[in-house]
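Same order as they appear, the protein sequences are chains A, B and C. Per our numbering, residue 1 is the first one in the first sequence, and the count goes up by one each step. Per our numbering, residue 1 is the first one in the second sequence, and the count goes up by one each step. Per our numbering, residue 1 is the first one in the third sequence, and the count goes up by one each step.
In silico lysine to aspartate or glutamate, DMTMM-like type, Cα no more than 20 Å apart, as pairs:
1. LYS58(A) with GLU22(C)
2. LYS27(C) with ASP66(A)
3. LYS8(A) with ASP165(B)
4. LYS5(A) with GLU229(B)
5. LYS215(B) with ASP23(C)
6. LYS8(C) with ASP60(A)
7. LYS58(A) with ASP23(C)
8. LYS211(B) with ASP15(A)
9. LYS8(C) with ASP38(A)
10. LYS11(C) with GLU79(A)
11. LYS211(B) with GLU214(C)
12. LYS287(B) with ASP273(B)
13. LYS8(C) with GLU64(A)
14. LYS82(A) with GLU235(C)
15. LYS6(C) with GLU64(A)
16. LYS211(B) with ASP103(C)
17. LYS99(C) with ASP195(B)
18. LYS215(B) with ASP103(C)
19. LYS215(B) with ASP51(C)
The set of hints was computed from the structure by calculation and includes no laboratory data.
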Amino acid sequence: MPSNKYFKHEGPWSDANDPLMCSDTGDWRTKRPVVDKDKCIFCGFCAIYCPIQVVEMKGDTHFEADLSFCKGCGICAKECPKQAITMIPEGEFQK
Amino acid sequence: MNIKTEKRSQMKVITGNAAAAIGAKLARPDVVAAYPITPQTEVIEQISTFHASGEMDCELITVEGENSAMNAVMAASLAGGRVFTASSSWGLVFMYDAVLATAGARAPVVMVNVNRETPGIIAVSSGQQDMISTRDSGWIFLVAESCQEVLDMVIQAYRLAEDYDIQIPVMVHYDGFYLSYLSEGVDVPFQEDVDKFLSVLKDQPGRTTLKPGQKLGVGSHGILGGYLELRHKHVMAFERSKDKFDAIDKEYNDIFGRSYGGQVEEYRMEDADVVLVGSGSMCGTIKSVIDEQREKGIKAGLLKIRMYRPFPSEALVASLADKKAIGVVDRSLAFGFKGGPIYTELKAFETQLKGSKLISFIDGIANSDITTDNVVKMIQTTLDLASGKDVPEVTWVCYPEANKPQSNEVGGQ
Amino acid sequence: MEKKVKPKKVKPTKVLDYLKHEDPFSKGVAFCPGCSLELLLRFIPQVLGNDIVITGTPSCSAPVLLGQNNQSWHSLSYFGTLMTGAAANATGLARYYKKAGIDNTVVCFNGDGTAADIGFGNLSGAAERNEPFIYICYDNEGYMNTGIQKSGTTPYGAATTTTPPGLVSKGKNLRRMNLGLKMAMHKIPYAATATMSNLEDLAKKLLKAKEAKERGFAFLHVFAPCPTGWGSATENTIEICRRAVNTNYFPLWEAENGRVRMTKTVKKPKPIAHYTELMKKFAHLTPEDLEILQDDLDYEVCMLGGLSVLEAECQLPLSADE
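Construct the entire structure; sequences and hints are all you get.
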């Protein structure tokens with residue numbers, strides 16, 4: 001009797017009604033983005049250009065990245081028109 | 001579900017290709033992909049005419065290549081549609097990656113393949129080499145003997161492929177040039193009867209289909225145990241399709257009054273001393289020669305293979321065990337083996353045949369006719385085998401040169 | 001001591017208004033840091049909606065678009081298929097949904113390897129038949145998933161593993177093919193180019209493609225740099241797109257029914273070196289080699305310019321009655 005251990009169906013169907021898979025990509029990065037809230041003009045470029053879309057509005061004051069999945073690519077820092085974001089090596093945060 | 005209706009008749013004289021097209025039309029497919037290749041072209045021309053006249057309410061996609069034909073119908077099938085396409089030889093192998101993907105995805109696609117010589121040498125002639133080249137695709141392969149059987153098989157193919165217990169694509173093969181262009185009397189079923197025959201499927205649980213917004217996706221990677229689980233499911237479904245096909249033959253007989261026997265058809269086998277095993281249009285010739293030989297007192301019989309994949313080993317063994325001598329007629333070659341492909345496959349079960357002897361006949365390649373004389377020779381050779389004489393294991397009936405002693409150098413003798 | 005003046009807050013970029021729907025992708029997926037494809041894949045359903053049916057082929061998108069056994073990385077309906085017949089698969093889906101009266105947006109999502117090379121035949125066939133779906137080609141100029149090999153859209157002089165520079169080679173010695181224009185010449189309802197630096201332009205084009213799909217085939221050619229394959233810094237991905245537009249390396253245009261219109265005219269294009277300096281794949285080229293690349297770009301821009309004024313200023317004689 002064939003089992004349904006891996007697939008619920010006869011063919012290669014996957015079901016997103018079950019929890020999605022998720023890798024710990026936050027573990028990849030060697031640098032993290034740090035926002036200078038005073039310099040931030042709230043334009044949102046960092047949010048639209050982040051490939052993972054992890055940069056969120058914090059109230060109406062500034063944007064900040066949710067670091068759980070940030071891969072540290074540095075695009076947000078590069079695209080910020082006011083250089084309000086700096087990429088700091090992870091080592092600085094692991095004392 | 002036994003539905004007794006009056007056996008209604010609508011006799012028409014049509015070609016094998018027209019029979020295939022009409023069979024498809026009667027099944028009411030949603031999506032049909034059309035690309036021409038000799039000797040199949042008339043199938044899609046007929047369907048195009050039905051479509052243009054409004055007789056056939058389907059999406060007709062005139063694709064730019066056979067590869068696209070199979071890809072289009074595979075996707076439409078996985079989205080939930082009933083589909084149809086047709087091809088032959090080079091077209092079949094051009095769509096082969098999609099053929100494999102269709103089987104892997106367990107999409108219930110139905111297509112006809114009009115047998116023609118492939119691979120290797122450019123030829124526009126009859127032979128079963130294209131069926132042999134693609135036999136490990138994971139599809140169910142059915143082979144038709146006559147124009148009537150082509151039409152009946154196409155309708156039965158939908159019943160089989162879309163059955164909830166099966167969900168395997170089905171390919172109906174018939175000989176190009178001999179059946180494709182031959183006109184025979186065919187009893188064309190009425191639309192209402194075909195609708196009734198296929199309506200059984202509506203009562204079954206629905207198969208998984210791809211629709212917007214349902215968060216289901218098909219074509220997922222199979223990884224380790226998952227891959228093996230799917231393969232095993234496919235193998236089990238393959239096994240189930242044998243009995244299912246026999247049952248469908250009975251269901252068909254109940255409505256349309258025609259039975260062929262299911263996986264195999266036995267012709268005058270009960271007391272046969274010698275048996276020929278064959279498939280396709282050659283069986284018509286073999287049957288008439290057997291009748292003649294019987295008049296002369298020679299007890300010959302025919303075992304016709306209708307379901308080639310899955311290989312109907314149980315049915316073959318049940319029928320052939322205790323027969324003294326069996327000649328397997330192949331309309332193709334098995335590269336790497338001396339004998340023909342169906343002979344080689346049957347030989348794997350030789351020990352279950354309780355002493356029957358097997359020999360191979362290769363005939364009918366590249367439009368060489370399998371004549372009544374050829375069949376007489378085959379029966380005679382098999383008789384010789386039965387009486388203990390020394391006969392060659394493999395006889396190329398259509399090319400006697402091959403039967404002479406050969407030197408092993410390039411260029412032959 | 002200088003008094004620090006806090007800059008005034010501005011209104012957030014209009015692009016955010018186009019992102020009307022949720023991102024259906026899991027946050028932790030296997031794309032390289034700085035991958036423009038990741039941005040594109042998350043962008044599309046946020047603009048077009050989560051009820052699109054997306055087809056994916058072996059490519060850099062496959063490890064994320066396609067599931068693993070029963071599990072998925074995203075909640076879109078998808079069809080994982082082979083490169084050879086991607087457009088034909090999408091055709092089958094779109095045509096069946098049409099027959100069954102099911103409202104749908106089928107997005108056939110492929111890399112340049114599928115669109116320009118192995119799958120071009122059925123792409124062209126689907127366009128010729130005006131099939132009702134959206135075909136999006138993300139162009140990272142090579143077969144990246146298999147480790148950076150040359151494809152039909154790889155530009156002249158680029159280093160890849162199958163066109164490596166060496167004693168007798170300067171990288172790819174052939175020009176790239178212009179996939180976008182080829183598709184526009186099919187006279188389909190909508191064809192356009194877009195890139196990841198001009199996201200409002202991309203969003204508008206996605207919406208136009210969705211509307212055009214009601215009338216037939218829509219094609220988007222999206223320039224999507226690959227930091228891993230091109231040897232560029234991960235933070236420069238968007239800047240590379242911007243420079244591609246500003247040097248006319250990747251002009252932004254759209255074509256409705258074959259009539260080309262520039263959506264961004266670059267008044268003073270910078271020389272190609274301004275673009276190539278950001279990536280290692282051109283590092284082996286001399287200024288003379290860059291001239292060849294520049295000439296080819298100028299040719300394409302001229303052709304594009306000519307096409308975009310075609311209706312207004314056609315120089316060729318028209319019908320004999322005139």
